[in-house]
Amino acid sequence: MDLPQKLSVLADAAKYDASCASSGTTARNARASGGLGSTTGSGICHSYTPDGRCVSLLKILLTNYCIYDCLYCINRVSSDVRRARFTPDEVVRLTLDFYKRNYIEGLFLSSGIIRNPDYTMEQVVAVARKLRLEHKFHGYIHLKTIPEASQALIDEAGRYADRISINIELPTATDLERLAPEKNGERIERAMGAIRERIEASKEDRKTSPKAPGFAPGGQSTQMIVGATPTSDAEILRRADGLYQRQGLRRVYYSAFSPIPSASGKLPLVAPPLVREHRLYQADWLLRFYGFGVEELTTPAQPNLDLQLDPKLAWALRHREHFPVNLNTAPRPFLLRVPGLGVKTVDKILAARRWHPVRLADLLRLKVPLKKALPFIETPDHRPGLRELEDPALRARFVPPPKQLDLFADGPTPPALATPGSEPPPVPTAPPSLEF
Amino acid sequence: MPASAPLHFDGSFADWKRVARAALASGVAPQQAHWRDAGAAQIELALDAPAPERIVPLADPDLAAPSPRVPRAFLDLAEDVARHRDPARWPLLYRALWRLTHGEPHLLANPADVDTHALHTLAKAVHRDIHKMRAFVRFRERATEAGPWFVAWFEPQHHIVEANAPFFRDRFASLRWSILTPGRCVHWDPDSRSLRFTPGASRADAPADDAAEDLWRTYYASIFNPARVKVDAMLAEMPRHYWKNLPEAALIPRLLAEAAPRVQRMVARSAEQSAAAAPTPGELEGRARPPATGDLAILAEAAASCHACPLWRAATCTVFGEGPREACIVLVGEQPGDHEDRVGKPFVGPAGRLLDRALAAAGIERSACYVTNAVKHFKWEPRGKRRLHATPNAREIAACRPWLEAELAAIRPGLIVCLGATAAQSVLGHALRVTEERGKKLPGPFGASALITVHPSALLRLPAGIEAEAEFQRFVADLRQIREVPDARPSEQLPGSPPAST
Chain A
1 MDLPQKLSVL
11 ADAAKYDASC
21 ASSGTTARNA
31 RASGGLGSTT
41 GSGICHSYTP
51 DGRCVSLLKI
61 LLTNYCIYDC
71 LYCINRVSSD
81 VRRARFTPDE
91 VVRLTLDFYK
101 RNYIEGLFLS
111 SGIIRNPDYT
121 MEQVVAVARK
131 LRLEHKFHGY
141 IHLKTIPEAS
151 QALIDEAGRY
161 ADRISINIEL
171 PTATDLERLA
181 PEKNGERIER
191 AMGAIRERIE
201 ASKEDRKTSP
211 KAPGFAPGGQ
221 STQMIVGATP
231 TSDAEILRRA
241 DGLYQRQGLR
251 RVYYSAFSPI
261 PSASGKLPLV
271 APPLVREHRL
281 YQADWLLRFY
291 GFGVEELTTP
301 AQPNLDLQLD
311 PKLAWALRHR
321 EHFPVNLNTA
331 PRPFLLRVPG
341 LGVKTVDKIL
351 AARRWHPVRL
361 ADLLRLKVPL
371 KKALPFIETP
381 DHRPGLRELE
391 DPALRARFVP
401 PPKQLDLFAD
411 GPTPPALATP
421 GSEPPPVPTA
431 PPSLEF
Chain B
1001 MPASAPLHFD
1011 GSFADWKRVA
1021 RAALASGVAP
1031 QQAHWRDAGA
1041 AQIELALDAP
1051 APERIVPLAD
1061 PDLAAPSPRV
1071 PRAFLDLAED
1081 VARHRDPARW
1091 PLLYRALWRL
1101 THGEPHLLAN
1111 PADVDTHALH
1121 TLAKAVHRDI
1131 HKMRAFVRFR
1141 ERATEAGPWF
1151 VAWFEPQHHI
1161 VEANAPFFRD
1171 RFASLRWSIL
1181 TPGRCVHWDP
1191 DSRSLRFTPG
1201 ASRADAPADD
1211 AAEDLWRTYY
1221 ASIFNPARVK
1231 VDAMLAEMPR
1241 HYWKNLPEAA
1251 LIPRLLAEAA
1261 PRVQRMVARS
1271 AEQSAAAAPT
1281 PGELEGRARP
1291 PATGDLAILA
1301 EAAASCHACP
1311 LWRAATCTVF
1321 GEGPREACIV
1331 LVGEQPGDHE
1341 DRVGKPFVGP
1351 AGRLLDRALA
1361 AAGIERSACY
1371 VTNAVKHFKW
1381 EPRGKRRLHA
1391 TPNAREIAAC
1401 RPWLEAELAA
1411 IRPGLIVCLG
1421 ATAAQSVLGH
1431 ALRVTEERGK
1441 KLPGPFGASA
1451 LITVHPSALL
1461 RLPAGIEAEA
1471 EFQRFVADLR
1481 QIREVPDARP
1491 SEQLPGSPPA
1501 ST
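Chains as they are written, first to last, in the numbering used here: chain A, 1 to 436; chain B, 1001 to 1502.
Treat the hints loosely; a few may be bogus.
As the list claims (entries may be wrong) - The list that follows gives simulated cross-link-like pairs (lysine-lysine, BS3-like), each with its CA atoms no further than 27 Å apart:
hint, chain 1, residue 1, chain 2, residue 2
1, B, K1124, B, K1017
2, A, K211, A, K130
3, A, K100, A, K136
4, B, K1132, B, K1244
5, A, K203, B, K1385
6, A, K136, A, K211
7, A, K371, B, K1124
8, A, K136, B, K1385
9, A, K130, A, K100
10, B, K1385, A, K183
11, B, K1244, B, K1124
12, A, K344, B, K1132
13, B, K1345, A, K344
14, B, K1345, A, K372
15, A, K130, A, K203
16, A, K100, A, K183
17, A, K183, A, K136
18, A, K183, A, K211
19, B, K1132, A, K100
20, A, K367, B, K1132
21, A, K203, A, K136
22, A, K100, B, K1345
23, A, K367, B, K1124
24, B, K1385, B, K1345
25, A, K344, A, K367
26, A, K344, A, K371
These are computed hints drawn from the structure, not numbers from a lab.
The following block holds chain A by itself, in its conformation from the complex (with noise of 0.2 Å):
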């Protein structure tokens, strides 16, 4: 197999891996050392697929070869990809000369189990070693973590990665169960777990000595699949919430479960639910940067995310209670939590009524979304009426009308996917194997 062919199928085997960001690290470049490469602080996305994610990095398996058997994956031993391998020095030549002619970032490598988890992380970290030290690469490097693996190749990934990463794959132990038998949540968390003392260690020493090591400066992150079991909203935030407070994750990536070759009845093969992802990543800021609390964004009666409004509107409709909110006198917390209003337009408004008080001109040149954000907030020069708040119909009046329904429609839809007139459900039903 040439390269073009390998490079093909090991991409392709790739793309179910949400993240491609090459941000979070420390700023460093090649002007001293003569070498190859530079990070910012923010990363930089240098291409965009039809499919909305961008191309920041080489986002490759080093072998799509596997001896597990994850029913989601398309690379599981069962399935029947074709299958490739690259050298560690194919790798290389590849970061190098895509990295050249500015196609990328850096390098995000992962790899299928070949042989053990040992040996598998050996090649992977042979990668990261010559990219770094033969040919002085100062890119970005994430490298994706066998959790089975020593202790000592973990270390040495640290050292030459930007980011690590463990997928937890599924939200919950049962979903582990039902669909990646070989993978052990407990162990993946104690994996995650050492990953961060190794973190926090190499941060505290470059306090006193800069020269110290680093260990993977741009944190660790994960992905869980959604969609692939019936798991709820509720409990898939949960379990996000927790590991963001456990494991001190940079990010948790959601993946739309989609369908992929050759995958296994278990499965639902429907359209990826698309907005589903696009909620729970919603939901996932508010935990992070809104102040919201994990139990707050959905309810006992309803532990999935309303799927027609985003979960901060739902969460206002649901505590009316707590507005209009007056943008005059408000303190931050408050603010943040009215519909419409991020956060970069929260400071702003907090800026602004230092000087003078804020009125609706206001909040339209900082883009406000007024008709998103009126019925909940008071100015000078709008008062909401109460009844206004209190209307059952207020719900209505922000839902789209059905033909908008799908957030993404204006791609073409693949037509044998399409659940007619609605967004895939919300719990996809799984195939009668999965009852229990």
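Once you have looked at the hints, place chain B on chain A.
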């Protein structure tokens, strides 16, 4: 009509600053200022040209006028705004400068102010263009005598080449490269380590292709997931006007056209395959069946390697039943807990101690009973550092049931005590409500009776107090019924025959 001041400058930010300082020193108000850059592009309409006698005399910009004080943030912001291509940026900058020096020193602190907002809007567009240039420049390699030379053609929206040059210098320090644009070109030589700027060039000056672009397009096409098409998300970040200089963008129409058929084929093929390859229900359970023996030690040994359900993966060991084969009574619990999983014996943790206490209170020797569980592996979920008990599901109970049946067949007890709903479900073969059936003796398998009661861990969850004590006494009362078991064993029945109750 108020007096006006034509302000001539060379179009650069530095010269604008020089002239603005002079205008400020001469008291030229913003509405009087008419900025004209070197290209003589008149910013005001020709009809508005003022009569000569109405022109405000301007101080000599090169004479050292006292510099007005402005915040550092304004200079940074102004430098970015000056890179915007909109000619209206110069009067806007001057108006902001005027206001800052005429009683509004905190102007920039108010993001809702009309001028501050306008400045930030322009600066934001410039920042975005700088960012997009870093993203979308595509170098093509050209072989020269001095070695490879990487040349790019790029069309920025604003005047950003100078601002962006240090970024490319620091990133590609070891390469010889040039970025050509219509307005300005920048070149880096790694040997002399210097940046050089030259006037604008044309697309034809840059190489027409590069061998690596085919590989790059292969990557781009392969990383695209046809099952999730979100064109708007792509267009928001990669607007069409950049496409003509991106080698991969030519693929987009074809990728979109093929997406739907590709997904349809994928789904159709998967459906065929899974219909052919679905595992039969017996397949999993067949992996570990109890050997046909009444020897409890051999059964326990065989159960240690049971993989009939996935619980073995997360558990430390199989916790098999324990007690004399001659026992008349078998106590069946739900599953081992954290403690039992580590020790390998049933009912040795907190629930086991409570059971011991209750048995003692009921006057029963535990050592005379056989104690086991419906499910022999600990099922749990991580909760921080703890392993939290998780209820086994019907699939797992069914997978483990052959072992319980083998134990019962070997012992042939007169009475089976079902501690909790899981035990009852496994022993009787169907689910029931413990609260309703509690204390009753139902017909069980192998002719034995099945006594239904609660699981001791249910009592552990009650807060200590009168209620807990009353529940404990109820549990003891249930267990007292054990003493009424007839010593005589029920008639022989073949092992493996269906339970009497089903």
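Against the structure, the hints come out as follows:
As the CA atoms of K1124(B) and K1017(B) are separated by approximately 21 Å, the hinted pair is consistent with the 27 Å bound. Distance restraint check for K211(A) and K130(A): the Cα-Cα separation of roughly 21 Å lies within the 27 Å cut-off, and the hinted pair is therefore satisfied. A threshold of 27 Å between alpha carbons decides the hint, and for K100(A) with K136(A) the separation of about 13 Å falls inside it, so the pair holds. At most 27 Å may separate the alpha-carbon atoms for a hinted pair to count; K1132(B) and K1244(B) meet this at roughly 14 Å.
Distance hint between K203(A) and K1385(B) is fulfilled; the C-alpha atoms sit about 24 Å from each other, no more than 27 Å. Simply put, K136(A) and K211(A) have alpha-carbon atoms about 17 Å apart, close enough for the 27 Å limit, and the pair holds. For the given pair, K371(A) sits about 25 Å from K1124(B) by alpha-carbon distance, which is consistent with the 27 Å threshold. Straight-line distance between C-alpha atoms of K136(A) and K1385(B) comes to about 40 Å, which puts the hinted pair past the 27 Å bound.
Distance check on the hinted pair: K130(A) and K100(A) sit about 17 Å apart at the alpha-carbon level, within 27 Å; holds. A C-alpha spacing of about 18 Å is found between K1385(B) and K183(A), which places the hinted pair at or below 27 Å, so the restraint holds. As the CA atoms of K1244(B) and K1124(B) are separated by approximately 24 Å, the hinted pair is consistent with the 27 Å bound. The hinted pair formed by K344(A) and K1132(B) meets the criterion: a straight-line CA distance of about 22 Å does not exceed 27 Å.
Distance hint between K1345(B) and K344(A) is unfulfilled; the C-alpha atoms sit about 59 Å from each other, more than 27 Å. For the hint linking K1345(B) to K372(A), the alpha-carbon distance of about 61 Å lies beyond 27 Å, and the restraint is violated. A threshold of 27 Å between alpha carbons decides the hint, and for K130(A) with K203(A) the separation of about 24 Å falls inside it, so the pair holds. At most 27 Å may separate the alpha-carbon atoms for a hinted pair to count; K100(A) and K183(A) exceed this at roughly 38 Å.
For the given pair, K183(A) sits about 36 Å from K136(A) by alpha-carbon distance, which is inconsistent with the 27 Å threshold. As the CA atoms of K183(A) and K211(A) are separated by approximately 37 Å, the hinted pair breaks the 27 Å bound. For the given pair, K1132(B) sits about 17 Å from K100(A) by alpha-carbon distance, which is consistent with the 27 Å threshold. Between K367(A) and K1132(B) the alpha-carbon distance is near 23 Å, which keeps this suggested pair within the 27 Å criterion.
Straight-line distance between C-alpha atoms of K203(A) and K136(A) comes to about 23 Å, which keeps the hinted pair within the 27 Å bound. Annotation: proposed proximity of K100(A) to K1345(B) is violated, straight-line Cα distance about 63 Å (limit 27 Å). Our distance criterion of 27 Å between C-alpha atoms is met by K367(A) and K1124(B), whose separation comes to about 14 Å. Taking the CA atoms of K1385(B) and K1345(B), the gap is near 23 Å; set against the 27 Å cutoff, the hint holds.
This hinted pair checks out: K344(A) and K367(A) have alpha carbons roughly 11 Å apart, not beyond 27 Å. For the hint pairing K344(A) with K371(A), the CA-to-CA distance comes to about 19 Å; that is within 27 Å, so the pair holds.
In summary, the numbered hints that this structure violates are 8, 13, 14, 16, 17, 18, 22.
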